[in-house]
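Produce the entire structure from the sequences given, and follow the hints as far as they go.
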Amino acid sequence: MSYASLIAAEAAETVDFAVLPSLVLAPLLTMAALLLLPPSREDYLKLTALVGSVITGAISLYVLYAFDMGEPGFQFVTQREWYSTLGLSLFLAIDGISLFLVVLTGVLFPVAILTTEPHHDPKPYYVWMMLLMAGSMGAFMALDLLLFFMFFEVVLVPMYFLIGGWGHGDRVYSAMKFFLYTMAASALMLVGITSLVILAAPDIGFATFDVTVLADNHELGRTASILVFLSFALAFAVKVPLFPVHTWLPDAHTEAPTAGSVILAGVMLKLGTYGLLRFGVYLFPTVVRDLAPLFLTLGVVGIVYGAAVATMQSDLKRLVAYSSVAHMGFIVLGIFALNNQGLSGSIIQMVNHGISTGALFILVGWIYERRHTRQIAELGGLQKSAPIMAGVFTLVMLSSVGLPGLNGFVGEFLILVGAFSSARWWAVIGVSGVILAALYLLWAYQRTFHGPAEGDNATMGDLRRSELLGIMPLLFLIVFLGVYPKPVLDRIEPSVDALIAHVESRVDDFDEDEPEPVTRAGTEGLIQAAEEAHEGEE
Amino acid sequence: MLDLAWLIPAFPLLGFVLLILFGRRLGEPAAGWLATLAAAGSFVFTVIAFIGLLGEGTEERFHIIKLFTWLDVGSFQADAGLLIDPLSITMCLFITGVGSLIHLYSVGYMHGDPNFSKFFIYLNLFIFSMLLLVLGDNLLLTFLGWEGVGACSYLLISFWFSDESNASAGKKAFVTNRVGDFGFMLATFLVFVNLGSINYDDIVTRSGEMSANTATLVVMLFLLAAAGKSAQLPLFVWLPDAMAGPTPVSALIHAATMVTSGVFLLTRLNPLLAEAETWSTGLVAWLGAGTALFAATAAVAQNDIKRVLAYSTVSQLGYLFLAVGVGAYVAAIFHMVTHAFFKALLFLGSGSVIHGLHDEQDMRRMGGLQKLMPVTAFTFIIGWLAIAGVPPFAGFWSKDEILLYAWNYDEAQGKILWAIGLVTALLTAFYMTRQVILTFFGRTRFFDATAAEIDQGWENRVAAARAEADQAREAEQAAEAAMGKASADIAKKQEAVVKAEEKLGASDPADDKHDRLVKAMQKAEAAVVKAEEKASSLVAGVDTAVQQAKEAAGRVLALENQAQSAPRPAVVVTARTEAVELGEIADHMPASYVHRQEYHPHESPPTMTVPLLVLAALATVGGGLNLPFTKDLHFLEHWLEPSLFGHEAEVTSSAGTKWLLAVIAVTVALLAILSAFAVYLRGRRDPATIERPVLANAWYVDQSYADFFGGPGRVFFDMLAWFDRNVIDGAVRAVAQGSTWLGQGMRAMQPGFVRSYALSIGLGSVLVVVWFLGRLFV
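Protein chains in written order, with our numbering: chain A, 681 to 1218; chain B, 4 to 781.
Read the hints as simulated data drawn from the structure, not as lab findings. All C-beta atoms in this analysis are idealised placements derived from N, C-alpha and C, irrespective of residue type, glycine included. Heads up, some of the hints might be wrong.
Sample of chain B residues facing chain A (criterion: CB under 7 Å; computed from the structure) [stated by the list, open to error]:
{"hint": "1", "residue": "E150"}
{"hint": "2", "residue": "A154"}
{"hint": "3", "residue": "V178"}
{"hint": "4", "residue": "V718"}
The structure is reproduced here in structure tokens:
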């Protein structure tokens, strides 16, 4: 271990008692401060929210700095008694899997607050934003099932009010749909959580909601495992969202205010994929292995279907929303590939999707603010009137398309490498999504930015300096993570290795499905299958 | 010296970054010079690396310079590392060499463009990506360059984005290439799964560990990728459209460098190709030969100067695939290099023409330019001789090499491939001669009126005649009105005479008044005479006016008929085609025509002609790279040996056969040139019999794709979107509706009346009791 990381580890030990809780507390305190401010002082309100989110973001960056790269297990562990008789504890910790989601949350919130404005009632708006930030942070760090569930549900409330209160168009319908859909899906998870705790208690000797204990000890019957897992998986699948439970997403995204869309896509969807990893793969390795084909299929369907439906959208924001369905499909594909590249790829893809899609939503929001329309047919030739915005949009678009050298590629590629090793045919279909991504985004770009500019399109204002500065962190990350993802991957990998080791230890016959060591049999089987399929056609 | 190799890609990268930061401030032309310097710097360090390699033994010329670890997850590792060997340095030499010249040319060509500095940002980024593509030491880094050049191509094709068709062309290029990338990614995965590595080092040394089946599959997938990037059947459709970009882009990206990446990739992977089943490399050869012939037929019937060159490029790339397929890697690289020289030259020459003719790209509107643009014409003619295969120009040597290897390939197959190559050579000489004649020889047709202008001229002429006719009719009406007035006057005067007569009759002749009445009577009679005289003097005028009006109306009709049948400019043009006689409409031509008469087609500035001259020199002597006469003159073959691992095919033909093949090739080229002269210069045959619509539309391949994706493809996507809205989301809404109804139903059950609750409790109790009893007794 190098000297620097020793210092970092030492630093982590001395301060960790407060670091993770402060990530939840800082936004909550900011919220309290906001409540005390008079609603008329808009500037102070925004400043307070910004400072609060920046402080939280800074703490998350400190966590990144102090994070011990070589340690696969949980770090910054904070465990306090809560209802010990019920087996509940305030248990927060992070590892390589959650680290970058925490940092992503810490970065996206300040950017979203900086780059967008509420159109009315800033006070409740920022209050909800801060509650949302606290809840998101908590959900990524909680290792107590009930605590996680609480955070997981808490974030619905502010998002519901943000969409319903500050959204566009049919916002009340969308907000209600979002709330009821996700709430209904997670209701079963509560049943699942309690069942798991009760069923596992005899083995463990006491009732506990502690994920680490449950993961190491519980041995449920096969049927019970499957049922409990499915109760979890349904909640997460809706959140991701997986085909076919995705239709709340386009409505919610389209009607949400820009900041809401950014956080929804960037942070909240990740609760679904993160949940699948932490509370799916980690707690139910056998079931996950057995049901992988189902989820691989849904993921791949999401990739192709989401892209195809995105192509035909006439509303720019809705198009970006459907692109999320496709991108999240990749992440699910990576998770259920259940190998090193697939898992690492899906984790880094969660971060990259947050950055790229967040940036896309910000850009679409800016267009809407200027042109008061998101209808692609009413836009056109914007590159003439707003060349800088067009340049930024191009970069973000290429990142979303998965151009090598930009962030989007790294995750997508690793996911596909991983999936190709363990779930070959799903990967083959997944790769075709790469073609479609280019199709829908470039076509949308062409119709929006290229061509002759007429009417209001010809006079639209370009990006202001402050806007450019606001989105700059995301642009920097898009390039940096594409060129040099190593620092991120180095921190993710030990935890992924540990997770895979955990899975392997629980699944007896798992080795057969592992791609390594390299064998020829796989490829020859593939060719044989291809030949058979060919003959079948003839 | 090789330690500095990282500077090769670093220079254009630095140029790119500097231009992003300061490009706008530098403006024109400083931004262009900076970019040119960056490319030239890269060239200098390539030459240094080249010299460094030359100083080493053949075995040692294979270096890997690791820069940093890019991706390292589990067993998957990809470095950012450079592979310096004769193949990559050869590619770098012409990428940076031709690239620098095209940068220089662009300084002149892009003069006055509002996005001048942005153009050079993209150009430097392109050079950087292209260098990564060829220098990368693993498949993933090559893929990074591969996609990077694709993105630059997209950005540069749609550079003039206000035109919808340019924007579409850019998108089409990117999306079509993505189809190929699908193959690249899958092939990379397969290589990784089978070898546990994607480094070229491992691939070239350990490809034998793959089974023949796997290697074949990998080669087929890479062939798909290569067919996309190098515009081969069936993915060629993007390249002709890519001509929408500025001409330097066409020269650099869509002729000299990027489109050869597919051939480079297959050459780089030659040990893999050696492991694959022979039918797969045969397929490469057949695909190449087929594309070469196909595109050459299309090139014959194009009228856009750049589209001819575009189809020609597709065709020449087909030769390269043919060469790779028959194992003639050296010939492939040889022709790739000479093609880079002469095709870049031809494209830049066409750009110079377009520049000098005010953005005119239609060859039917050129002609006779050798007098107006002597340098462009001279260099273009050298390019023509080079591509047509006339010795001693560069193209002859390299094309002959490919044909020779094709002849040597696998008995009958080889002979057919050779024949296809020969027919392609014939067509190439023919369409290039046609292009040179139409552009540089014969009469200058630039000033001729276009069909649209002539239509406009006739419209103007007829409108003028109509105005005249209207005027004549007005004159006629006025004359008739005057006539009518005069007649009325006569009648009035005659009435006065009648009245005077009556008075006279009634009066007493002896009266004093009588005399006065007689006089009045005479006066009235005189007035009548006078009015009659006046009226008769008008008659002639009226007649003339009527006549004139009739004539004018007749003229309008006549002109309208004439406009219908008047000659229009020929659709198919030779050097002999005469201009349309304007005659009647000479003074009625639209402004575009009138303005053009004042325009002077001119030679381009030195920034543009100097690159032309350098490339012309290279296209003349480029054949010297690999002369066939003795083994010692096979410079390129010796040089590339370390990169080919002994997989280069052997030529077994005797010297006599080689000579015979060369003579046949030259004869065929000369015959084609002569027949093109006969058709297009002497007018011995109607060119319309050659330039068929099916050729002009490239056998309708592109059209059928467009019809399919715009028709059934679009309908399918629309159906999916409909399905999502109505079925998937419809189900969700149905659940919501269902729960609303359920809730309303439940509300009815709880009306708030105690008696109904009591009834429910009673019924429930009875049910429970019955259930218990049932369990007891059954």
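(message) If you test the structure against every hint from before, which numbers come out violated?
(response) Violated: hint 4 alone.
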